[in-house]
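Novice: Sequence:
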Amino acid sequence: MLTEVRSGLDVIIMFIYVRNIEIKTLGKELDDYTMVYQHTISYKGLV
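Numbering (our numbering), first residue to last: 534 to 580.
No lab work stands behind these hints, which were simulated from the structure alone. Beta carbons are placed, not taken as given, at the ideal position from N, Cα and C, and that holds for glycine. Please note that the accuracy of each hint is not assured.
Said to hold, decoys possible - Here are the computed distance ranges between Cβ atoms for each label pair:
id	residue 1	residue 2	range
1	Val538	Lys577	54 to 64 Å
2	His572	Asp543	53 to 63 Å
3	Met568	Ile546	49 to 59 Å
4	Ile556	Tyr576	28 to 38 Å
5	Lys557	Lys577	42 to 52 Å
6	Arg539	Tyr576	49 to 59 Å
7	Tyr576	Thr536	53 to 63 Å
8	Glu537	Ser575	55 to 65 Å
9	Thr536	Lys557	26 to 36 Å
10	Asp543	Lys577	28 to 38 Å
11	Ser540	Tyr570	38 to 48 Å
12	Asp543	Ile574	39 to 49 Å
13	Asn553	Ser575	31 to 41 Å
With these hints in hand, go ahead and build the complete structure from the sequences.
Specialist: Here it is in structure tokens:
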């Protein structure tokens, strides 16, 4: 019984861990996009 609970927790922890990586990657992509967008605006502002 205890081992079943343990493996269930491991699955949940792994799922959360993977979701965290996905969220961080998405956040980094959004940051990169924002940077490019801001550079484009500042470039247009200069020209």
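Novice: Decide, hint by hint, whether the structure agrees.
Specialist: Do the hints match the structure? See the list:
1. Val538 with Lys577: 54 to 64 Å: Cβ of Val538 to Cβ of Lys577: about 58 Å, so the range 54 to 64 Å holds.
2. His572 with Asp543: 53 to 63 Å: The hint (53 to 63 Å, Cβ to Cβ) is violated, given that His572 and Asp543 are roughly 44 Å apart.
3. Met568 with Ile546: 49 to 59 Å: 33 Å, violated
4. Ile556 with Tyr576: 28 to 38 Å: 30 Å, holds
5. Lys557 with Lys577: 42 to 52 Å: 31 Å, violated
6. Arg539 with Tyr576: 49 to 59 Å: 55 Å, holds
7. Tyr576 with Thr536: 53 to 63 Å: The hint (53 to 63 Å, Cβ to Cβ) holds, given that Tyr576 and Thr536 are roughly 60 Å apart.
8. Glu537 with Ser575: 55 to 65 Å: Holds, since Glu537 and Ser575 (Cβ atoms, about 57 Å apart) stay within the stated range.
9. Thr536 with Lys557: 26 to 36 Å: Given a distance of about 31 Å, which is inside 26 to 36 Å, the answer is holds.
10. Asp543 with Lys577: 28 to 38 Å: 51 Å, violated
11. Ser540 with Tyr570: 38 to 48 Å: 45 Å, holds
12. Asp543 with Ile574: 39 to 49 Å: Holds - the Cβ-Cβ distance for Asp543 and Ile574, about 47 Å, lies within 39 to 49 Å.
13. Asn553 with Ser575: 31 to 41 Å: 33 Å, holds
In this structure, the earlier hints numbered 2, 3, 5, 10 are contradicted, and the remaining ones agree with it.
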